[in-house]
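Listed below, chain by chain, are the residues.
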Amino acid sequence: MSELAELAALRGTLDHCVKCTICESACPVAAATPLFPGPKYAGPQAERYRVAGQPSVDLSVDYCSGCGICSQVCPQGVKIAELNAQARHAMKVQRGVPLRDRIITRPELLGRLGTPVAEIANRALGSRALRAAGERLLGVHRDAPAPRFAGRRFSAWAGAHQSPVGRRRVVYFHGCGTEYYEPWEGERVVAVLEHNGVEVVVPKQGCCGLPLQSSGLFDDARHSVLALARALEPHLADPATVIVGNATSCTLMLKREAREILGLEQDPVLARVAERTYDICELLLELHQAGELKTDLRPLRETVAYHAPCQQQGHGIGKPALDLLALIPGLKVRELDARCCGIAGTYGLKAEKYEIAMAVGADLFAQARDSRAATVACDSETCRWQITHGSGLPSSHPIDYLYRSYGLDEV
Amino acid sequence: MITLATEVLVIGGGTTGAGVAWDAALRGFDVILVERGDLAEGTSGRFHGLLHSGGRYVVKDPRAARECIAENRILRRVAADCIEDCGGLFVTTPWDDPAYAERFLAGCATAGVDCDELPVTQALREEPRLHPQISRAFRVPDAAIDVWKTVSALADGARQHGARILTRHEVRALSRDGDTVTGALAYDLRRGQDVAIQARVTVNATGAWAGQIAALAGIEGVHVRPGRGIMIAMNHRLVAQVVNRCQMPTDGDILVPIRTVSVIGTTDEHTENPDDQAVPPAEVDSMLDEGEKLVPGFRQARALRVWTGVRPLFQDDKAQTLPTRDLTRSHALLDHQKRDGVGGLITITGGKLTTFRLMAQQTVDLVCWMLSRMRPCATGSTPLPGSESGEHYRLGERLARKEAALRERQIVCECELVSRERLEAVLDETETTEIDDLRRRLRLGMGPCQGGFCSYRAAGIMHAHGSLPAARADQALTDFLKERWKGIWPVLYGDQLRQMRFDEWVFHAVLDVEHLPVDGDAR
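Going line by line, the protein sequences match chains A and B. Under numbering that gives the first Met the number 0, the first residue of the first sequence carries the number 0, and numbering increases by one thereafter. Under numbering that gives the first Met the number 0, the first residue of the second sequence carries the number 0, and numbering increases by one thereafter.
Because the hints were derived from the structure by calculation, they are not lab data. Beta carbons: idealized from backbone N, C-alpha and C, even for Gly. No false leads were slipped in.
Interface residues of chain B toward chain A, partial, derived using beta-carbon atoms under 8 angstroms:
| id | residue |
| --- | --- |
| 1 | H235 |
| 2 | T259 |
| 3 | R301 |
| 4 | R393 |
| 5 | E402 |
| 6 | C448 |
| 7 | F452 |
| 8 | D494 |
| 9 | R497 |
| 10 | Q498 |
What the simulated footprint calls covered on chain A by chain B, stretch by stretch (three residues with Cβ under 8 angstroms from a Cβ of chain B suffice, anywhere in the stretch; the number is not a length):
| id | region |
| --- | --- |
| 11 | 4-18 |
| 12 | 45-53 |
Over 10 angstroms on every C-beta distance to chain A, these chain B residues come out as not near it, computed from the model:
| id | residue |
| --- | --- |
| 13 | A277 |
| 14 | Q336 |
| 15 | W368 |
| 16 | S371 |
| 17 | S388 |
| 18 | E423 |
| 19 | I460 |
My request is simple: use the sequences and hints to build the entire structure.
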């Protein structure tokens, strides 16, 4: 099947819509702003009015954050968020992509530029005046949460690190957040895996293309994800080897979204990568269920609030982070059931969408504050940055709690 | 009894009748049109929506092909807003005789139908769902025409030139004065009264019913052989252009993108009764099989509804034993003075939607001759109301209109994006008490849920805005649901089955629709 035929088949899922309105009730964006007419409207309904090659007329579809909750809750299997992504792509092709979207969707490029001059770059990102200028000139909201460059790259650490031979071997897909902003998260992932007898291979790798895809830059996104798949796939010769990542949206991109939304179902390399990709918590929970996860866990006397990000829920694997956190003695876990933090990758950075993203996240921020937790655990880095921005609470990946409970921080 | 007088009485409110009314009014004649139902309620509204390029007929009926391409070019100008310029393809599938393609090309050249072969890869790029094993593809100027919009615009145009359009007026007798028809006796079904209409010329434009009307004047032998054909509307556009099989015309070989759906058509079965609306399951099945040949996965795609149209195929006695598809597609204009010695009556029948304007022109030319007032036809150069700009309709128009008032407009029919304002405007204009009339004007209830969500809303608005008593609004609702159901049950499988289960919960479990207090005297 050609890419176009695949996309036509994706479009065909609109046939399943019975107009039950469950997606509309669940959509966090439609609840926060009248600018987005809702997933049923923008998805299966509007799609019947779209003809390839004709002008895009419903610019409101760009207010879909792409969180994917609609597709998750649809009882009929309509690929609503994916339809919206297609429509947004067609619109961007016709109307052009703002410079802002060309910049903020390239974390790899930003990381490469920012890392060597991290101190200056971080100061610039912290400067009210420069952020105000950035909002005027580029349309990146002045208050949007911006991560700080770490000033070093995870891959540099990984290159110097020798993983001991273990019972199992995994390929670590660390993603751009770990590479440029939170290299320590990657180090902790490696430490936890190695503690459990897993050998970690870290191939040279780039961006998965998700930010490009969610802003409608499909060609660039395809290029990115296919290059990434080709960087990871050569390490899968042993059938027992899997890929594992701690950036849950990026692993979802590899598992499913790239193939569905970008029409790449037929790429054999990506298909192999997709079926062997795991979220880190998913993998650790499987190890635990197989009796392979060490339980030499020390008590952590603290309370953590946990938010399962939309993209994590898109994996369809339950919430393995909760099961893992429950293994830690003494740790009190408060699950936050508010739906979405609002950021949706780069959505909440955009000047015209920042307020919407903050309104979407308001419930979650309030729940986090009310939970009396000291920290918030969350599987996605952009969501963590938003939660910290919105609630004032520090946040980290669930793996951090295992890392500390194993005592690896003291090694 | 009400008595009316006019120069030209047109019987039949389909495309032909409305076309005749428009043409005659434009030439300055005083016109009354009567229609027993709503405009375009018969064959015209039960059509797939294909504005032929003529390609379909180039091998079999070159004369029809020439007429089609000429009218296609004219209608694109004068009825631009009713036409979507989607273009068309003829494709050779593995089931089609590959030799036909050369005959087709030669036929197009002879008939003057623009035709370009395009590489198969290009055709598949344009139509990714087409069967990947097609071996040839040809581009022709087919288009999609919205028949309700067309008939509505013809009637509006005629009205603007003084014509009176009387729907729900059923002709029960033709008046004769000796050997001359002098008008008709109609019955106003809505008000329940007789209406006598005196006319100098009566035009029988009743399509498949033409023989029945001619018989009212005592004229026998107007043999319109009704050819019954089913069409299935699929939930969305499986193709962006009209796709025809490149073969001798047969069943299920056209797929037409029209408004939000795509329609596959059609079958052709002889029937004695023009009101025959049977949908035999075997025909549905074979239509779906043919769909698979054009678009693999057709059976998994969602079918919305199926309906039957009855073609008026005029037959001369020699053609008695031929299957109906082989009868002439060209129309028949009968001057009953010459044919039967009965003056004042013309029958125009046969033909096809694409050539309705030409049929009307020839009919009114004859009217001129009969009234000895030669006036030139202007329909070839006068745009219909709404088509003045010459811009073709685009599918995205309703979406664009809604987008412009995203927060303001209340949507009644979510599938077809019908706003409350539009619905109320039509209620004011037509004073109708039937939701099916709203459907034809607005496409209300024609989408995936088939009225599941909009019909009870519409009934409520008819009650609140149009002051229709509650029991009569309930009646309108149940009538509409029954009418919709007729077209749904023969394709009750897959996604549409799930939809109907859901609709059933709404109507039975929530609204208890079978026990609504209704007033059957509403009609």
